[in-house]
Amino acid sequence: MTEPSATSALLSPQLMAQLERLELVSRKIFRGRMKGERKSQRKGQSVEFSDFRNYVPGDDLRFIDWNLYARLDRLFLKLFLEEEDLHFFTLIDASASMDFGEPSKLAFAKQLAAALGFIGLCRADRVKIETLGGARSRPAPVLRGRKSLWRMLEYLEGIRPELNVPLSEGIRDFCLRNAGKGIVVLISDLMDKNGYESALRWLIAQRVDIYVIHVLSPAELRPDLQGDLKLVDCEDRDVTELTISRPLLDRYEKTLAAFVNGAREFCSRRGVSYVMASSQTPVEDLVATYLRKRGLVR
Amino acid sequence: MSGLFNNTLQLWQWAVLAAVPPLIVLLYFLKLKRRPVEVPSTYLWRRAIEDLHVNSIWQRIRRNVLLFLQLLLVALIMMAVLRPGCRGTTLVGDRFIFLIDTSASMGAKEPGGTRLELAKRRVIELVDQMSRGDVAMVISFSNEARIEQSFTDNRRLLRERVQRIQGTARPSDVLEALRAASGLANPGQSSEAGSPVDAQVAGALPATLYLVSDGGFQQVPEFALGNLEPRYVRIGAAAANVGIVAFTTERNTEKLDQVQAFARLENRGVEQAVVEASLYRGELLLDAQKVVLPAGGGGGVRFELRDPEPGVLRLAISASDALAVDNEAFAAINPRKPATVLCVTPGNSALQTALETSAAKRLATVTFVAPTFLEDPDYERRASAGDFDLVLYDRCAPKNMPLASTFFLGSVPPGEVWSSGGKVSPVAIIDVERSHPLVAMPDPTHVRIVEGFVVKGPKGARTLLDSQDGPLLAIAPRESFEDAVLGFTLVDADGKGGIQANTDWPRWYSFPVFWQNVLGHMAGGTQSESAPTVQPGETLAFRSLVPVETVRVRGPAEVNTDELRRSGQGYFQFGATDKPGLYSVYEGDSPEPSQWFAVNLFDGRETDLTPPADVTIGASQVTAASGGGQAGRRELWKWLLGAGVCVLVFEWYVYNRRVYL
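Line by line, the protein sequences are chains A and B.
If you count by my numbering, then the first sequence holds residues -16 to 281, one letter each, in order.
If you count by my numbering, then the second sequence holds residues 35 to 695, one letter each, in order.
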């Protein structure tokens, strides 16, 4: 197998070596469009035996176990597990607010998307990485197989933090265009002044397996601000004048904690997996530890 | 305006001041320059301050806390220049002297604390009423006066010094304190009035004298107040009190194995009091008696102690009154120590007989030596070391006076202090100074004396026997000793190598009694057993039982004082007697006390807790005043300015810490 040259900054060889052993897991049963490497709960035509059942007229005679018929003089049908592919979507919030932090939240999101996408490609899953609201201007490719890694990385590197699309609008657009079932990983900071709830409800209505990776930069978790400031929102240029003092910072941290807890609560009540991550967290740790615990990979 | 406020500004000045608040508001609206900072989202910041916006007025107030503090500061300054005031009292005059009584009676408990605490509070109130520029001084007094603070206008310092005043267990004597106050108020009195050499270094300035006391001191009608204007601030209310005013021990002269302890109690209440007087040795109860004391009267109590060992005695009465210090008294029985007496005589059988009676032996151990012993170095050493209590010189005299009391028979002490004023023959005793214990004896006027001489003593000498031509027996103090000279001999040389009688006195009863008195009084033979007692603060002089150079004294507070060194007169002087109780004397390195002395209050005036309505100071009869000053206006502007400074400090804190939005 030839490795794509574009391992670039997004995926290091060491990380790829780790990821190759993993696979994406869906907690729900999906019907894929093509046969993949994944065992389906649906009985099918793979080589992996699953069960026997009595023959009923109309069954495919090719699956009758003739050896059993010889021994018992009764007709049994051999059932095999169907192998199928998985639709794996990664939605990256590429708004301007994601360009903050060291490293930036967007870089972290791209790296995470690359890692998860690589896992999917290795398992011949159907991988699609989209930016919120960006699909129309720059359609995202549908990728399958390790050979598509180069295209995936190329696409990821081309993502720029310039699409200030409201979260709900971006997700609604995604849902309307992708009716199929599968796994959706949303990587966002959820900083939408209209709230993230309506956006997630769109996804929940799709009956897909949803993972929300809530990315926050250290500057958001522990702001290093002090004094008389005019805070300018980088997305809508909204201005908030504040005199930042220790009590206000304490209040901010409480508000942030309430915001994160609110999102976690909202997600857990609706069967959505929620992971809060700092943009400083190494991607391999996140994938190998947190997402493994959450059941996205194994 | 004239009641509460007292305007100090003119109209145009008010106009300028009134323009300040609008100016502050105007400046405030010129918005604060804020540094722009781009953030990923203001979403969380807005949510963080969202609840503060719920009550927008409150939010604005909080946001403008600096503005409001500045406006408050200006308002306070405006109020201050209006000079608000209220009715109060101010002190009359500009120089004040506060005399605070710290004697034992000021330790009596009153509602709200001891009398001294009330007095200190009252003086602090008076200090607070002082106007700006007034000066005051503080003197505390018991039986001695102490200037706690000389004249100053620093009221904080005055208050501090008043607070630091401590009570004592001493009796009170206001005269010394008045003298101290007068010396500062009437500097011209520092030298003789009207004298041409009176320097008049400073002009006499009138001062108001506040005597803050319960009046338990001797009135001082002879004191000249001069420029002092006395005011009496009476402290405390009348209270019943029973106290011990005397307690002493003495050997029973009839039964020598017994010691009697006498005490006198006084009841200074308006009702009859029944108290139980208990006598303890250490913690051991020896005896107790119930004493009934009539209202305003006193009573005695006597305890018989059979063959008591030397030790300490404590008498306590069961009276739960306001003053505790006089409910306890101390005495001690010191070890019996006969006086050491040296009799230098060429031979005098009558004198020897008189000094060797059994009664005399109990008082003193008398050693007889010939006049030649005066030349002996051993005599010189012992005389200068103070080994003798008394030295009798019969018809002889030493070269130098010894460190002991002396009695000269028919001779005069060396030096020019004493002299003989010519021979008298015959001699008739015409007068006896009976109040003196030395001549407390049967009448000697019928004694016949062949020849004698007139005794001329130093200034201060007291004539005890008078002859037709002048003093025949005189006694005079010499530092801590006494010298007595008798102007006739008992026997004389007859010129044939024998002796002949010069007087028939040895045949009379008065003769042995006189010599017993000499041993008892001049050698200290009768005083050796009962320990001396002094009042708190008095200095006590005592001699050691064995010749040592240093002694230590341990007081009731169990604090070892420094070593005392013997003074030139062979006495030890101890002055740290502030605390009533028993003081033990340790001689040299001895771990056991050798003698004791007691410090007791024993002052009827201190026991009397009823403050008089008026006191006599000089020619003035000063009546107790309820207040210390006269009605006046109390200015409040300083408080407002103080509040302004506090607001300013708070504003600075808010500005620096950015306490909130």
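The set of hints was computed from the structure by calculation and includes no laboratory data.
A couple of the hints might just be wrong.
[Stated by the list, open to error] Some chain B residues flagged as far from chain A (calculated, every beta-carbon gap over 10 Å):
1. Pro74
2. Tyr77
3. Ile83
4. Gln183
5. Ala356
6. Cys377
7. Ser383
8. Asp477
9. Gly494
10. Ser514
11. Pro590
12. Ala610
13. Ala653
[What the hints assert, rightly or not] Distance ranges between label pairs, derived from CB positions:
14. A:Pro201 - B:Arg68: 18 to 28 Å
15. B:Arg166 - A:Val215: 41 to 51 Å
16. B:Arg68 - A:Asp219: 15 to 25 Å
17. A:Val222 - B:Leu191: 40 to 50 Å
18. B:Arg68 - A:Thr272: 57 to 67 Å
19. A:Thr226 - B:Ala109: 17 to 27 Å
20. A:Pro201 - B:Glu194: 54 to 64 Å
21. A:Arg275 - B:Arg68: 45 to 55 Å
22. B:Ala52 - A:Thr226: 28 to 38 Å
23. A:Asn244 - B:Glu194: 50 to 60 Å
24. B:Glu194 - A:Lys213: 28 to 38 Å
25. A:Ala240 - B:Leu191: 54 to 64 Å
26. A:Pro201 - B:Ala52: 28 to 38 Å
27. B:Glu194 - A:Val222: 50 to 60 Å
Each residue gets a CB set at the ideal place from its N, CA and C atoms; glycine is no exception.
Structure-based check of all given hints:
Its beta-carbon lying about 4 Å from the closest one in chain A, B:Pro74 breaks the requirement of being farther than 10 Å from that chain. The Cβ of B:Tyr77 does not lie farther than 10 Å from every Cβ of chain A; its closest approach is about 5 Å, which violates its non-interface assignment. Against the 10 Å criterion, B:Ile83 falls within the reach of chain A, whose nearest CB is about 7 Å from its own CB. For B:Gln183, the shortest C-beta to C-beta distance to chain A comes to about 48 Å, beyond the 10 Å cut-off, and the non-interface label holds.
The claim that B:Ala356 lies off the interface holds: its Cβ sits roughly 57 Å from the closest Cβ of chain A, which is beyond the 10 Å cut-off. Every CB of chain A is more than 10 Å from the CB of B:Cys377 (nearest about 97 Å), matching its label as outside the interface. In this structure B:Ser383 is separated from chain A by more than 10 Å, as the shortest Cβ-Cβ distance comes to about 108 Å. With a least beta-carbon separation of about 103 Å from chain A, B:Asp477 lies farther than 10 Å from that chain, consistent with its non-interface assignment.
Chain A leaves B:Gly494 outside its interface by the beta-carbon criterion, the shortest separation being 85 Å against a cut-off of 10 Å. The Cβ of B:Ser514 lies farther than 10 Å from every Cβ of chain A, with a closest approach of about 78 Å, so its non-interface assignment holds. Every beta carbon of chain A lies more than 10 Å from that of B:Pro590, the smallest distance being close to 59 Å; the non-interface claim holds. The beta carbon of B:Ala610 sits about 59 Å from the closest Cβ of chain A, which is more than 10 Å, so the claim that it is off the interface holds.
The Cβ of B:Ala653 sits about 72 Å from the closest Cβ of chain A, beyond the 10 Å cut-off, so the non-interface label holds. Distance hint check: the CB atoms of A:Pro201 and B:Arg68 are about 24 Å apart, consistent with the given range 18 to 28 Å. A beta carbon spacing of about 58 Å between B:Arg166 and A:Val215 contradicts the range 41 to 51 Å that was offered as a hint. Taking 15 to 25 Å as the suggested C-beta distance range, the pair B:Arg68 and A:Asp219 conforms, at roughly 19 Å.
Against the hinted window of 40 to 50 Å, the Cβ-Cβ separation of A:Val222 and B:Leu191 comes to about 58 Å, which falls outside the hint. For the pair B:Arg68 and A:Thr272, the supplied restraint of 57 to 67 Å is violated, since their beta-carbon distance comes to about 42 Å. Between A:Thr226 and B:Ala109 the CB atoms are about 25 Å apart, so this pair conforms to the stated range of 17 to 27 Å. Distance hint for A:Pro201 and B:Glu194: a CB-CB separation of about 57 Å, consistent with the stated range 54 to 64 Å.
Taking 45 to 55 Å as the suggested C-beta distance range, the pair A:Arg275 and B:Arg68 conforms, at roughly 46 Å. In this structure the hint that B:Ala52 and A:Thr226 lie 28 to 38 Å apart at CB holds, the actual value being about 30 Å. Roughly 59 Å separates the CB atoms of A:Asn244 and B:Glu194, a value that falls within the hinted 50 to 60 Å. Take B:Glu194 and A:Lys213: their Cβ atoms lie about 54 Å apart, and the range 28 to 38 Å is violated.
Separation of A:Ala240 from B:Leu191 is about 57 Å and conforms to the stated range, judged on CB atoms against 54 to 64 Å. Remark: the range hint 28 to 38 Å for A:Pro201 to B:Ala52 is contradicted by a beta-carbon distance near 53 Å. A beta carbon spacing of about 58 Å between B:Glu194 and A:Val222 agrees with the range 50 to 60 Å that was offered as a hint.
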